[in-house]
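**Q** Sequence:
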Amino acid sequence: MTEEYNALIHNRTWSLVLSPPSHNLIGCKWIFKTKLHLDGSIERYKARLVAQGFKQLSSIDYDQTFSPVTKPTIIRLILSPAISDNWPIRQLDIKNAFLNGHLAETVYLKQPPGFIHPNFPNHVCRLHKSLYGLKQAPRSWFETFSSFFLRGFVQSKVDSSLFNFRSGTSLVYLLVYVDDIIIIGSSSDLIAPIVSRLNTIFPLTDLGPLTYFLGTQVHRSSGSLFLSQNKYTRDLLHKYGFSQCSAVSMTISPWTDSSPSAGEHLTNPSEFRQLIDALQYLCITRPDITFAVNQAFQFIHAPTSVHMTTAKRILPS
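Note that UniProt numbering gives residue 166 to position 166 of the sequence shown, counting from 1, and the numbers run on in steps of one.
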């Protein structure tokens, strides 16, 4: 926690002020997480200060909140020229990305638990930069990031998360997903100064060649790129009790009644919705289950026990 708190102070995330009498004051809490390696072993423990954004008031603490998210199709699209032309593919991770976003609104936050300033115990934090948990945090970060890259880069009209840079016949693509970045270029000599310049503005970790991105393992060989979600699939099977199951030949049983009224309505439909969301993400590397997932998705608003059984049948396929 101390390391995270010191990083916030060094980042000048807030300044301590007297609590204004008529302004909304939101709380915060520490969230602890274990970060894992690709093989499931522990990489490190993390502590993150998160604002209680659910206490924010519209038009007071925040305004617009939309932030673009890249599509799996775009990821595959920009990887294609890298494979066909043998371009280098690098992966970057922005450290504490959301903390770099500049806030346009005036937001007051309670002092972090365990770190109350001894000389100013009754003061509050006036935020200058964004914090995880704020409703506008993703948008603030993306606007800050894109304003940096619009100098020399061109933002795609098809996907706002995609930027490209041209220098003569040389070309660089940069794709951002929150704090994860894929950068592809016609030469390493063109990529290196871009990474260096980016690092001077936003501290980052250069992860080297692309091997793991958004839950997808990437293996590159001569003239090909293999995408796999093995770990994601194993975790999904374990979560729903299918770790020792046998594979089925058909994702949809022809004898199942898939009408809206089949079976009893679920008392907790969120479990069905979470499963469908997880299966939709798995379609990135498993296009063969897309039809079955879309069929199950039709009952997302009023799922029944039959629909849940139908959705779970897709797991061992």
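Hints listed in this document are in silico derivations from the structure and should not be mistaken for laboratory results. Do not take every clue at face value.
[What the hints assert, rightly or not] With a cut-off of at most 25 Å between alpha-carbon atoms, the simulated DSS-like pairs for lysine-lysine come out as follows: (1) Lys71 / Lys46; (2) Lys55 / Lys110; (3) Lys35 / Lys55; (4) Lys231 / Lys312; (5) Lys71 / Lys55; (6) Lys29 / Lys110; (7) Lys33 / Lys231.
[Unchecked claim] Per label pair, the in silico range of CB-to-CB distance: (8) Gly152 / Arg273: 18 to 28 Å; (9) Gly168 / Ala302: 53 to 63 Å; (10) Thr2 / Pro287: 41 to 51 Å; (11) Val195 / Val17: 18 to 28 Å; (12) Arg273 / Lys231: 16 to 26 Å; (13) Thr267 / Ser188: 19 to 29 Å; (14) Ser196 / Gln295: 20 to 30 Å; (15) Leu25 / Lys46: 37 to 47 Å; (16) Ala7 / Gln295: 29 to 39 Å; (17) Tyr45 / Asn199: 19 to 29 Å; (18) Val195 / Tyr45: 22 to 32 Å; (19) Ser258 / Ala7: 48 to 58 Å; (20) His219 / Ala47: 45 to 55 Å.
Ideal Cβ positions, reconstructed from N, Cα and C, are used throughout, including at glycine.
**Q** What hint numbers does the structure not satisfy?
**A** 1, 3, 5, 8, 11, 13, 14, 15, 16, 20
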